[in-house]
Amino acid sequence: MNSASVISTDEAPLLAVRGVTKIFPGVRALDGVDFTLRRGEIHALMGENGAGKSTLIKVLTGADRRDGGEILFDGCSIDPRSPAEAQRLGISTVYQEVNLIPFLSVAENIYLGRQPMKFGRIDWKQINLRAAAALKHIDVEVDVARPLNSYSPAIQQMVSIARALDIRAKVLVLDEPTSSLDANEVRHLFAVLRRLKAEGLAIIFVSHFLDQVYAISDRFTVLRNGKLIGEYDAAKLPRLELIAKMIGKDLKAVEEMSARRGAEPVRTAHQPFLRVIGLGRRGSMTRFDLTIRAGEVVGLAGLLGSGRTETARLLFGIDRAEEGRMEIDGKLVTLTSPRGAIGRRFGFCPEDRKTQAVIPDLSVRENIVLALQASKGWLRKISTQQQQELVENYIKALGIATPDAERPVKFLSGGNQQKAILARWLASRPRFLILDEPTRGIDVGAKVEIEKLIARLCSEGMAILFISSELEEVVRDSHRVVVLRDRKKVCELTGGQIDLPSIMQAIAARADE
Amino acid sequence: MSERLSRLMPARLRQLIWPLMALAALLLFNGLFTDGFARVTIRDGHAYGSLVDILKLSSRVMLVSLGMTLVIATAGVDLSVGAVVAIAGSVAARLIVQQQIGLPMALAATSGLCLVLGAWNGTLVGWLGVQPIVATLILMVAGRGIAQLLAGGQIITVESSGFSFIAGGYFLGLPFPVTMVALMLLLTVALTRGTALGLFIEAVGNNETAALFAGVNPCAVKMFAYAFTGLCSGMAGIIEASDIKAADANNAGLYLELDVILAVVIGGTPLNGGRFDLAGSLVGALIIQTLTTTIKMRGVPVEYTLVVKAVVVLVICLAQSPELRKLLLQRRASA
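Residue numbers (this note's numbering), protein chains in the order written: chain L, 3 to 515; chain E, 73 to 407.
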C-alpha cells in the first residue's frame with residue numbers, strides 16, 4: 003500500500019444506508035432500502051417516477067426524516083434533521099434548479115451565511131480571494147464580484163458545486179445537474195467530477211440521461227416503487243438489463259415473450275390529420291417529424307425525461323416551437339396557445355392531473371363543460387339543461403362514480419377525476435387527443451376502462467397520441483410507437499415491430515450508434 | 073325543474089347562511105336594545121330612519137364590492153378602488169362646473185374613464201403578469217395624486233340639482249343609490265351567471281393552469297374583472313361627490329378598499345380565489361355599515377369605534393371558519 007488513493011472494496015464504506023423506510027400518507031416511499039457509498043466513487047441512483055430516488059436523497063440530506071432503518075456515515079449513526087445539519091456533517095447537495103440568490107455576487111453566493119470576518123466586519127477581500135480559489139479548483143475562472151445572474155446556467159451550476167464543496171463536503175449529491183447544460187458544458191462538468199472523485203470525494207449522481215449515467219458512474223443502485231432492486235457495477239450491467247430492472251421487467255421473460263403485436267396498422271390510404279416537420283425548441287425537444295392519421299393511436303415511449311411531455315406541450319401550443327412547421331389536413335398552421343390548438347379541435351389530458359387539469363372547487367359538471375364552453379366563447383353559454391344532459395351522458399358512458407353532477411370534483415377519487423377530465427375533452431369533440439399518462443395513479447379497473455375507451459375513440463375516427471411510462475400499455479394500445487431518448491425521436495415502430503423488446507432496445511441504444 | 077332547484081338552492085343558501093345570520097343578529101340586537109333603530113317613517117312618500125340610512129351609506133361599498141368580488145375570485149385584489157373614487161369625483165366635478173357639459177355626458181365620460189383606469193390594472197395583472205397587490209398599488213398611490221391635480225388642490229363644489237339627485241334623491245320611496253346598487257347587481261349577475269363568464273372567472277381563480285389548458289383565456293378574464301371594478305368605483309365616486317355636492321380629492325374614497333375587501337371576505341368569497349358569491353358581498357357590506365351605525369347610535373366614544381368594529385369582524389370571520397367549527401365540535405364530542 004504505497005498510495006492512499008487506492009480503494010479496496012473491503013474498506014468500510016463512507017455512507018451506509020441500512021433498511022431505511024419512509025412512509026407518506028398512503029404510500030411507502032422507501033421500503034427497507036439499502037445503499038452503500040464508497041470514498042472516491044460516482045454512484046448513480048436509478049429508477050423511474052415514484053421509485054424513491056428523491057425521497058432517499060431527501061432523507062440523506064435532512065430534508066425529510068426517515069421512519070425506520072439506519073444511516074451510518076463514517077461509521078457513526080446519523081439522523082440529520084435539516085439540510086444545514088447534513089451539510090455540517092459533510093453531505094452537500096446541488097439541486098436540479100440552482101437555488102442560489104441571483105442578484106448577489108458569485109463570491110457572496112459561495113460564502114452566504116458563513117462569511118469570513120475581520121474585526122467584526124465582513125472581510126470582502128478574503129471572500130473574493132477564496133471564492134476565486136474555490137472556483138479555480140473546479141476549472142472555472144470568472145469575475146467573482148459580478149452578480150450571479152450575469153452568468154450562464156452552466157456557470158451558476160458550477161458556483162453551486164463550488165459552494166457545496168467549500169463546506170468541506172465528503173459526499174456531494176447532484177440531482178439532475180445536467181438538465182440545463184449543453185454538451186460542452188456537460189463534458190466540463192464531468193471532467194471536474196472525475197477530478198473530485200480522484201481526490202476521494204464520494205458523489206451521488208441522479209440523471210435521466212442514460213448516456214451520461216454510463217459515461218460518469220462507477221456503480222448503480224436501482225430502485226423501483228420504493229424498494230431496492232439491486233446494486234451493480236456500471237461496467238458489468240448492459241443498458242438493456244438496466245432498463246429492464248428500472249421498469250420492472252425480467253429480461254429473459256421479455257425476450258421470450260411471444261412478439262405481442264400492437265393494434266393493426268391503419269391503412270395508409272387515410273389522409274394524415276396532423277403532420278409535423280422538424281418541430282423543435284431549445285431545452286425541450288430536438289427537431290422531430292411526426293405524422294398522425296385519423297383513427298390512429300400513436301404511442302410515445304421513452305424513459306422519464308426523454309421528452310414525452312415536452313412533445314405534447316409543443317403539439318398543443320403550450321410551448322412555442324422555435325423551428326419546424328405543422329400541417330393540419332395539409333394546411334400550414336401555427337399554434338401559439340392552447341386556445342389556438344383547441345380551435346383546431348385538439349384536446350390534451352396533461353400528465354399532472356392535480357395542478358394542470360382538475361379545477362378542484364368546481365363541480366363535476368363545470369369541470370366537464372369547461373373546454374366546450376371555452377371553445378364556444380363566454381357569450382354563447384351552454385344552457386343549464388344542455389349542460390346537465392351532456393354531463394349525465396358522460397357520467398354514465400365513462401362510469402364516473404359521483405353521487406351527482408354538482409359535487410365538487412376534488413371529492414372524487416383519482417380515477418374518477420381522470421375520467422371527468424377525459425369527459426371534458428370528449429365533450430369538446432376533438433379530432434386529435436393527446437393523452438399524457440392517462441392511467442397514472444388510478445386503480446386497475448379504471449385503467450382497463452380507459453384503455454377500452456381509447457380503442458373505441460380511435461375506431462370512431464379520432465387521432466390519439468398516447469403517452470405512458472407503462473410500456474405494456476403502449477404496446478397493447480398503439481398502431482404505431484415513436485420512441486424518444488434524451489429529448490430526441492430515435493425511431494418509429496409499426497405493426498408487427500411493436501413489442502416490448504424492440505422498444506426497450508430502442509430506448510437502450512447508445513446515442514452514438 | 074323545481075326538484076332541481078331545491079337540490080341546488082340549499083348549497084347556495086348554505087354559503088350565505090353565516091353572513092345572513094351575522095346581519096340578522098346585529099339587526100336583532102339593535103331592534104331590541106337601540107332606541108329608535110327599527111323606526112321607519114314615511115314623509116312625502118320618502119322613507120326615513122336608521123335602516124334606510126344603512127342602505128344609503130353602504131351603497132358605495134356595495135357597488136365596489138360587486139367588482140371586487142370578481143377580482144378576488146380570479147385570485148387577485150384591487151387596492152386602487154379608493155383612488156379611482158377620488159378621480160371620478162374630481163373629473164365629474166370639473167366636467168360639470170368648468171366644462172359646462174351636460175350631466176349625462178359628464179357622467180358617461182367619468183364612467184368611461186374609470187373603466188379605462190380599471191383596464192390599466194387589468195393590463196398590468198393579466199398581460200404583464202405583475203402581482204395584483206403591486207400592480208394596483210401603483211394606481212392607488214398615483215390615482216389620488218391625479219385626483220388632487222385634477223381638482224387643482226382645492227375642493228370643487230358642484231351646484232347642480234341633477235347631480236345632487238344621484239345621492240340625495242329618492243326613487244320608489246328609497247334613496248336613489250339603492251336603485252343604482254340594485255341595477256348594478258342585476259347587471260353583474262347577468263354578465264357573470266347569464267353568460268359563461270362566471271365559470272371562467274372561477275376556473276381561472278381556482279386553477280389558472282388548468283383553465284388555460286382547457287382553452288380559457290386568463291388574461292381576458294382578469295382584464296374584464298379589473299375593468300368592471302374600475303366602472304363600479306367610478307359610480308361610487310359619483311355618488312360620494314354628489315352626496316357632499318363637492319369633489320374632495322383628499323378624502324373621497326379614503327380606505328374604501330379595506331372596507332370593500334372586508335365585505336367580500338365576510339360575504340364568503342375566499343381571498344385565494346375560485347368560487348364567488350355576489351349576494352354574500354352585499355350582505356357583507358351591509359354588516360359593516362350596520363356595525364358602524366350601531367356604534368354611533370349607541371354612543372360608544374369615537375375612539376373605540378375601530379376597535380369594536382375589529383372585534384365584531386373577527387368574531388364573524390371565526391364563525392365562518394370551517395376549521396374552527398370542526399375544532400369546537402370535536403371538543404364537544406370528546407367532552
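In case anyone wonders, no lab produced these hints; they're calculated from the structure. Heads up, the beta-carbon is just placed ideally off N, CA and C, and yes, glycines get one too. One or more of the hints may lead you astray.
[Claimed, not checked] Facing chain E, according to a computed beta carbon distance under 8 Å, are these residues of chain L, among others: (1) Gly115; (2) Met119; (3) Pro340; (4) Thr357; (5) Asp363; (6) Leu381; (7) Arg426.
Taking the hints in turn, this is what the structure says about them:
1. Interface restraint check: glycine 115 of chain L against chain E, minimum CB-CB distance 28 Å, threshold 8 Å, status violated.
2. Because the closest C-beta pair between methionine 119 of chain L and chain E is about 36 Å apart, greater than 8 Å, the hint is violated.
3. Among the interface hints, the one on proline 340 of chain L holds; its C-beta lies about 5 Å from the nearest C-beta in chain E, closer than the 8 Å criterion.
4. Among the interface hints, the one on threonine 357 of chain L holds; its C-beta lies about 6 Å from the nearest C-beta in chain E, closer than the 8 Å criterion.
5. Taking 8 Å as the C-beta cut-off, the interface hint given for aspartate 363 of chain L holds, the closest approach to chain E being about 5 Å.
6. At its closest, the beta carbon of leucine 381 of chain L sits 6 Å from a beta carbon of chain E; the interface hint therefore holds under the 8 Å criterion.
7. With its C-beta approaching chain E no nearer than about 7 Å, arginine 426 of chain L sits inside the 8 Å limit, and its interface hint holds.
Violated hints for the displayed structure, listed by number in ascending order: 1, 2.
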